[in-house]
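Working from the sequences, and respecting the hints, build out all of it.
Numbering (the numbering used here) for the sequence shown: 1 to 165.
Source of the hints: derived by calculation from the structure; they are not laboratory data.
Keep in mind it's a predicted model, so treat the numbers as computed, not measured.
Keep in mind that the hints are not guaranteed to be accurate.
Unchecked claim - Label-pair restraints from in silico Cβ distances:
1. Asn111 to Glu80: 32 to 42 Å
2. Gly25 to Arg102: 33 to 43 Å
3. Gly165 to Pro121: 15 to 25 Å
4. Pro37 to Ser133: 16 to 26 Å
5. Glu104 to Glu24: 40 to 50 Å
6. Gly25 to Trp87: 22 to 32 Å
Beta carbons are placed, not taken as given, at the ideal position from N, Cα and C, and that holds for glycine.
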Amino acid sequence: MERLWAGWRSAYVGGLDGRPPTGEGSLFERILRSGLPDDETYVVWRGEQCSALLNAYPYTSGHLMVLPNRAIAELDDLSEAEADELWAATRRAVRAVRAAYRPEGVNVGLNLGLAAGAGVPDHLHVHVLPRWSGDTNFTTAVAEARVLPEPLGVSWERLVAAWPG
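Shown next, in the form of structure tokens:
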């Protein structure tokens with residue numbers, strides 16, 4: 001797949017100071033406990049057991065990930081409280097995506113393990129993203145590249161404002 005360079009994203013992809021969050025734990029655990037403001041780490045919502053944040057490599061604008069706050073690779077390893085909050089938060093994420101983007105549909109899914117396509121296989125996460133008929137456009141279909149129409153900061157603002165109370 002070809003890449004269209006968007007230099008403004010380097011601060012997010014590489015960490016806000018040019019480095020990913022350091023310390024122990026999974027990437028998501030380090031982001032959640034980085035001490036940085038949520039508008040800089042794109043954490044949309046924090047719960048007792050789970051959180052929601054923007055995908056650093058979104059399929060489309062508004063691509064959220066809902067995940068337990070601790071690194072868990074498999075669904076069977078979730079506590080009952082984590083499982084309950086994960087699915088409740090996923091439902092809220094769908095509502096937020098619908099309110100913020102008015103999509104024609106919403107994809108919700110998990111990739112468990114490297115073979116299934118998990119980019120962070122040690123920390124399960126539920127993808128929630130808006131979809132529209134025909135959103136596979138000329139650039140995606142022919143050039144195998146994706147063009148995103150809004151910066152992550154704008155997506156964060158829209159989803160925080162739309163997140164159900």
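We went through each hint and held it up to the structure:
| no. | hint | result |
| --- | --- | --- |
| 1 | Asn111 to Glu80: 32 to 42 Å | violated (23 Å) |
| 2 | Gly25 to Arg102: 33 to 43 Å | holds (36 Å) |
| 3 | Gly165 to Pro121: 15 to 25 Å | violated (33 Å) |
| 4 | Pro37 to Ser133: 16 to 26 Å | violated (37 Å) |
| 5 | Glu104 to Glu24: 40 to 50 Å | holds (42 Å) |
| 6 | Gly25 to Trp87: 22 to 32 Å | holds (23 Å) |
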